[in-house]
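Protein sequence lines correspond, in order, to chains F and Z. Sequential numbering from 1 applies to the first sequence in this note's numbering. Sequential numbering from 252 applies to the second sequence in this note's numbering.
Hint data in this document are derived by calculation from the structure and do not stem from the laboratory. Think of the CB as a built atom: it goes at the ideal place given N, C-alpha and C, for glycine as much as any other residue. Take these hints with a grain of salt, some might be off.
Claimed, not checked - One-sided and incomplete, this derived list gives chain Z residues near chain F with beta-carbon spacing under 7 Å:
| # | residue |
| --- | --- |
| 1 | Ala405 |
| 2 | Thr418 |
| 3 | Leu421 |
| 4 | Ser422 |
| 5 | Arg426 |
| 6 | Ser471 |
| 7 | Met475 |
| 8 | Cys512 |
What follows is the residue order along each chain.
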Amino acid sequence: MSAMHSHQLTVSDLTVSYDRIPALHHLSFRVDCGRCVGLLGPNGAGKSTLLKSLAGLLPMETGAISFHGHAVTGATQDFAYLPQREQIDWDFPTTVRGLVEMGRFLRLGWWRTFRDEDRVAVDEAIAAMKLTELAHRQISALSGGQQQRAFLARALAQQAHVFLLDEPFTGLDKPTQDSLKLLLRGLRDDGKLIIASHHDLGSVPELFDEVLLLNGELIAAGPVAETFTPEHIAKAYSTRVFARLEHGMAV
Amino acid sequence: MEWLSESLQHDFMRRVLVGGALIGFTNGFLGAFVVLRRLALMADSLSHSLLPGLALGVMLFGLAPAGLFVGALVAALFVALGAQLLARSSRLKEDTALGILYTVAFSLGVVMISFVKVRVSLMHYLFGNILALSNTDLWLAYVISLVVVPLLAALQRPLLLTLFDPTVALSQGIRVNALNLILMLCLVLTMIASLQAVGVILLLGLLIAPAATIYLLCDSYPAMLWGGGFLGMFGSCVGLLIADRFDLPSGACIVLVLGACFFLAYLFSPRYGLIRRWRRPRHFHEESLARWQSEHHHD
Chain F
1 MSAMHSHQLT VSDLTVSYDR IPALHHLSFR VDCGRCVGLL GPNGAGKSTL LKSLAGLLPM
61 ETGAISFHGH AVTGATQDFA YLPQREQIDW DFPTTVRGLV EMGRFLRLGW WRTFRDEDRV
121 AVDEAIAAMK LTELAHRQIS ALSGGQQQRA FLARALAQQA HVFLLDEPFT GLDKPTQDSL
181 KLLLRGLRDD GKLIIASHHD LGSVPELFDE VLLLNGELIA AGPVAETFTP EHIAKAYSTR
241 VFARLEHGMA V
Chain Z
252 MEWLSESLQH DFMRRVLVGG ALIGFTNGFL GAFVVLRRLA LMADSLSHSL LPGLALGVML
312 FGLAPAGLFV GALVAALFVA LGAQLLARSS RLKEDTALGI LYTVAFSLGV VMISFVKVRV
372 SLMHYLFGNI LALSNTDLWL AYVISLVVVP LLAALQRPLL LTLFDPTVAL SQGIRVNALN
432 LILMLCLVLT MIASLQAVGV ILLLGLLIAP AATIYLLCDS YPAMLWGGGF LGMFGSCVGL
492 LIADRFDLPS GACIVLVLGA CFFLAYLFSP RYGLIRRWRR PRHFHEESLA RWQSEHHHD
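With the rest of the complex left out, here is chain Z (with noise of 0.2 Å):
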């Protein structure tokens, strides 16, 4: 516990920290939306398509963070827009064409990245480096913060009709569209100030894990968004407080404590874990069993 009390004592570390619990927290809340609607493939993709936006933001503006967030941002609704263009004009579906869309995108990026002049190290962007996390970092990471989950808090009944049914929602005269573009948006911000601490490949893990993990534990969308939020704060910060200890990557340690908790919920959830199906009676529904024993009784 000495190297805990040590490491907080340090004003960098603590600055880290907090930044960390916002992204952790930013992530974890948003994750809850990203896997009930099964969006982790489109989230991927636009994690790993932030990359070439990176390397053209350092070739235009240097390494000023403008400059990176225009260019991730830019890169990023490129590809998403640019799937759903490719996969409507042609007989494609959207996963292919986001795979695709995404895959080049990101080779594009570190063919720049190796063509930059200012030194930046490739390992950085795509694993996460706290040591850089500068200032202006980390009021990128409170602004987004300050948007994003406030944002979709607000908007959670009708997030939670259109991710539960998108065609009632509609029919209920929701803007099923205009929400689904308020969440690609929320996502991309969130991962741009997460890209520092986790790094382009890494961010999927720190989104959905936290929610992943809930969603094996209760029944209720509020728990998972708020749930998921606090898990992924204290995963964040757990993480942080590892890699600086050990001088390991920061977005491995955080998702490697993050996988550690989904895996632990996978086996021993008291509701949906692996080891409460095994221990199930076969008949799924209790009433069918319920009958099926009286109608045995009767005969």
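Next comes chain F alone, as it looks inside the complex (with noise of 0.2 Å):
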């Protein structure tokens, strides 16, 4: 049972706030690692807020995380945090390899150069996501599709076993959309734990195996077939937990 439980992400009564106005309230949850799990919810609900704080971006006012039996404080390389897509300056002087690269500069300090397991790793990266013959090119002479690939190649490459991906779907279409989905089901079955956002509740049964429902706190989680259900939906789009705060709400 414990040998089990240690394969978890823990996140036990988790609190945060954007200047005092409580966007997530004492939150708790637990997923095991091997799922694509989707965090869905209105617009405000606190999906991003909970990317953001799992990847040790944001303060927590209240709670804990705890990810393979051990507390997660700050910022951990277990975990990988993928920007929504109009976070990045595509015109970025670097190419796809370049970009993956950057996820083993933490593991080589300051100085020491790439060594061959570094360049294997990032090799083996850029196979993963299939880019391997879009290599070269710059990263804004890349599909939609194409650019997600190259930032999870990025996370592969740094050996994250925590995905966390804002909105990844969105602004795909279909054929890209399907490949987006065996890639990351490719990821789950490696054992690493995906868990991203997502609005669109009608991709939902086919993308993900578990889901988080939030509305400012936790309306339900786990897996689809019993938690995705129009009780649960109507619960977390219909309830305004923060309805009165919602104007001074940064999210």
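With the hints as a guide, dock the two chains, each given alone in a separate frame, to form the complex.
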């Protein structure tokens, strides 16, 4: 039992606020590694906030996060946060390979040059995301799906275990969405934990194994078959937990 | 070519060229960070706000370089921190706050200099004057270059992560705020080192033109740093030689040489030049073009 529990991400009693206005309220849940988890909820429900706090980007007001049985405080290499597309300067002077190499920097420190094992890790990550042919392209000369894969490759090169994705399927056409889905499943089957915020409810059953329904607080969490029910959805999308505060919220 | 060898025979001109090369390299190297981090407005504000600091330095300590140095440093930091304070404590955005603070500081500098009893020419501070380059100025340039370039080179990996995406860098445990502060300090120090050669108003050109030129030529971050450095060095030396030959303000000559390089790259860059852009097929992705063509073959 305890061995099983160690391959888990546990969040207990997590509260996160912007300017003292809580965006997430006493959130507790537990997910096993090797799952694709969809983060659902209306705008302002705290989806991005939860991803950012898991990535160590926001201070926790209350509560704790633990992974593999160890408390997570602040930033860690086990977690890879993939930003929304608009956040990236696509004209940045870097190729796909340069981007994936950034995933190795923290292991290398300031000075050490790339060793063989780093090169192998970068090559493997690029190959796993099917980008070998495109490795020398500048990142703006990629399609939307290829750009997502380039960032996933960087997270792989970092040897992250938890992948935190902010709206990865937004703006992708159906074939691209399908290929991203398959790649994420591949990562899941390797034992990675994928947590992705998502707003298209129709595609939830085919994309995710489990869902977390949020609306400022946790509405429901669990396998899609049991949790993604009309009652829970209605509750997540109709109740307005922080309706009075919405104007002041940063999300 | 005769005038070139003639210029180089003067001990003074050789010293000036060494100083110019160092300053040019440091500015070009640092410029890559300014361009990628979109700090051009911030850099412009900092350079303009050096003026009241200089004036204050002259008033208190005369023309002693140490006084000028301290005055300029204090004034620049005052404007940089003041803008952040103004932006955070009101609904103003930072660019507006910076714009107000630095123009006020600059005006204050202009008024102060006209009151100063020591005979200093405003023009020298505004546009640079190599003839006034003293030994102390040269030493200052050596020391600052030898601090700034190695420091930034050592920090280039965390700086790259921060420039590319500060949010992700933060999530990887990089101390983004500390790096930004170091970058600002390097900026102010480099500006102080470059004051005599290019002057307050034209500093920005020497700082960002080399990096902007390389940015149009390649897709490599290290190439932007080192290429920017070498281009800045080249532009400074050529500009200084022209200034010396035709008795022109040095800052303007340096910026004109670098500007010419920039426009050449803008037009003729094999990858991102204007001409290449005109010739490019209308579909940006070769792939989508290929797919589109193959679909039409099927029809």
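Task: Hint check: 7 Å Cβ-Cβ cutoff, Ala405/Z to chain F - done: This hint holds: Ala405/Z lies near chain F, its Cβ roughly 6 Å from the closest one there, short of 7 Å.
TODO: Grab the minimum C-beta distance from Met475/Z to chain F and call the hint holds if it beats 7 Å, violated otherwise.
DONE: 6 Å, holds
- [ ] Grab the minimum C-beta distance from Ser422/Z to chain F and call the hint holds if it beats 7 Å, violated otherwise.
- [x] 4 Å, holds
Open item on the list: Less than 7 Å between beta-carbons is the criterion; does Thr418/Z satisfy it with respect to chain F?
Closed with: 6 Å, holds
Task: Restraint satisfaction for Ser471/Z [CB to CB of chain F, less than 7 Å] - done: 6 Å, holds
Task: chain F contact restraint on Leu421/Z - CB to CB distance below 7 Å - done: 6 Å, holds
Task: Interface restraint verdict for Cys512/Z against chain F (beta-carbon cut-off 7 Å) - done: This hint is violated: Cys512/Z lies away from chain F, its Cβ roughly 18 Å from the closest one there, beyond 7 Å.
- [ ] Under 7 Å, Cβ to Cβ, is where Arg426/Z needs to be relative to chain F, so tell me if that hint holds or is violated.
- [x] 10 Å, violated
The structure shown violates the earlier hints numbered 5 and 8.
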